[in-house]
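Asker: What follows is the residue order along each chain.
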Amino acid sequence: MGRGDEIIHQQTRLQIMATLNALPNGQAIEFTRLKAIVQATDGNLGAHIGTLENAGYIGVKKDFVGKRPRTRISLTRSGRNAFVRHVDFLRGILDEHAAPDHPAENA
Amino acid sequence: MTLSPQDAASALRDIETAQARSATLHGYARSSPHLLLWGVLWVIAYGLNDLYPTYGRAIWAAIVPIGLIGGFVMLHQAGLGAGWRYGGVAATLFGFFYALFAIMGPASGRQVGAVIPLALATAYVLAGIWRGPRFVITGLVIAALTLAGFFFLEVHFFLWMAGVGGVSLILAGLWLKQV
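Those sequence lines, one after another, are chains A and B. In terms of the numbering used here, the first sequence opens at residue 19 and continues consecutively. In terms of the numbering used here, the second sequence opens at residue 278 and continues consecutively.
These are computed hints drawn from the structure, not numbers from a lab. Keep in mind it's a predicted model, so treat the numbers as computed, not measured. Do not take every clue at face value.
[Said to hold, decoys possible] No more than 30 Å apart at the CA atoms, straight line, and that leaves these computed lysine-lysine pairs for BS3-like:
{"#": "1", "chain 1": "B", "residue 1": "454", "chain 2": "A", "residue 2": "80"}
{"#": "2", "chain 1": "A", "residue 1": "79", "chain 2": "B", "residue 2": "454"}
{"#": "3", "chain 1": "A", "residue 1": "80", "chain 2": "A", "residue 2": "53"}
{"#": "4", "chain 1": "A", "residue 1": "85", "chain 2": "B", "residue 2": "454"}
Looking at chain A on its own, in the form it has when it is part of the complex (with noise of 0.2 Å):
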C-alpha cells in the first residue's frame, strides 16, 4: 500500500480534486462553479488552489469573456495520478481492516 498525500489529503483540496477528477480529460471548471461545489469562500478556495497549483497538481487560467474576468481550474497529469495513488490508500487502508486476520495489526 502507498502513502497517503498530505497536500490532497486536506478536506477541500480532497472535494476539489475529486470534483476536477470527475471532469473529462482536459476539460476545465469555472472557479465560480468549483466554489459551489465545494462550498468555500473566495479566499478559502483561492488559498488551497494556490497550494495545489504550487504542487503541480493542477492548472490556473485566467482570461476574459468579455470585460468579466474568468478563473478556469483544471487537474493536470501528475495531479490525477497523485490522486488515484491517494484514493488507492485510503481504499487500502479500509481493505486492510476489513481482512480476516487485520494484518497490520498482528505485524
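With chain A's structure known, arrange chain B on it following the hints.
Answerer: Same frame as chain A, now just chain B:
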C-alpha cells in the same frame, strides 16, 4: 501519513459526493447551450408553422439541419470530440420518427408537432433519472405544456408551442447553466 479506517471511509465518502455533484453540474452545463439553441429554433419554426401551416414540412426541413449543425459545432468547440455520437443520436431519432409515422400515419401536422416534443420530453425525463433532476423537471414541463396545448387549443397550437414550449426550453437552458 496515518489514518484510521473511519477517517479513510469519511474521506472516500467526501470524494464520492464531490465527484457526483461535479459530474451532474458538468452535464447540466454541457447541455445548456443545446437547449438554448433548440429553444430559439422552436420559437422560429413553430411560429412560422403557425403563420404558414401549409409550409410546415419545408420550415422544419430547413430548421432541423440548422439545429443539428449548431449542436455539432458546439460540441466541437467544447473539445468533447463526441461528434459521431451526436450524429448517431440524430440518425436514430430520425429513423425512429420516420418509422413511427410510417406505422401510425397518416398524421396531421398538429399530431407530428406534438408527438416529437413529447418523445423528446420523455428522453429528458429518462436521461434525468440517471443524470440529474433538472433534466426530469425540464422533460415534465415540456410534456405537460405540449399535452395542454394539444388537447385544449383547437387553433394556434403551433403558436402555443412557439411561445410556451420554445421559451420553456430557453429558460431550462438558462437554468442548467446556473450552479
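Asker: If a hint holds in the structure, say so; if it doesn't, say that too.
Answerer: Verification of the supplied hints:
1. Only pairs whose Cα atoms come within 30 Å are accepted, and residue 454(B) paired with residue 80(A) is accepted, the gap being roughly 20 Å.
2. Taking the CA atoms of residue 79(A) and residue 454(B), the gap is about 21 Å. The hint holds against a cut of 30 Å.
3. In summary, the hint linking residue 80(A) to residue 53(A) is supported, as the alpha carbons are separated by about 16 Å, within the 30 Å threshold.
4. For the suggested pair residue 85(A) and residue 454(B), the alpha carbons sit about 19 Å apart, so the restraint of at most 30 Å is met.
The structure shown violates none of the earlier numbered hints.
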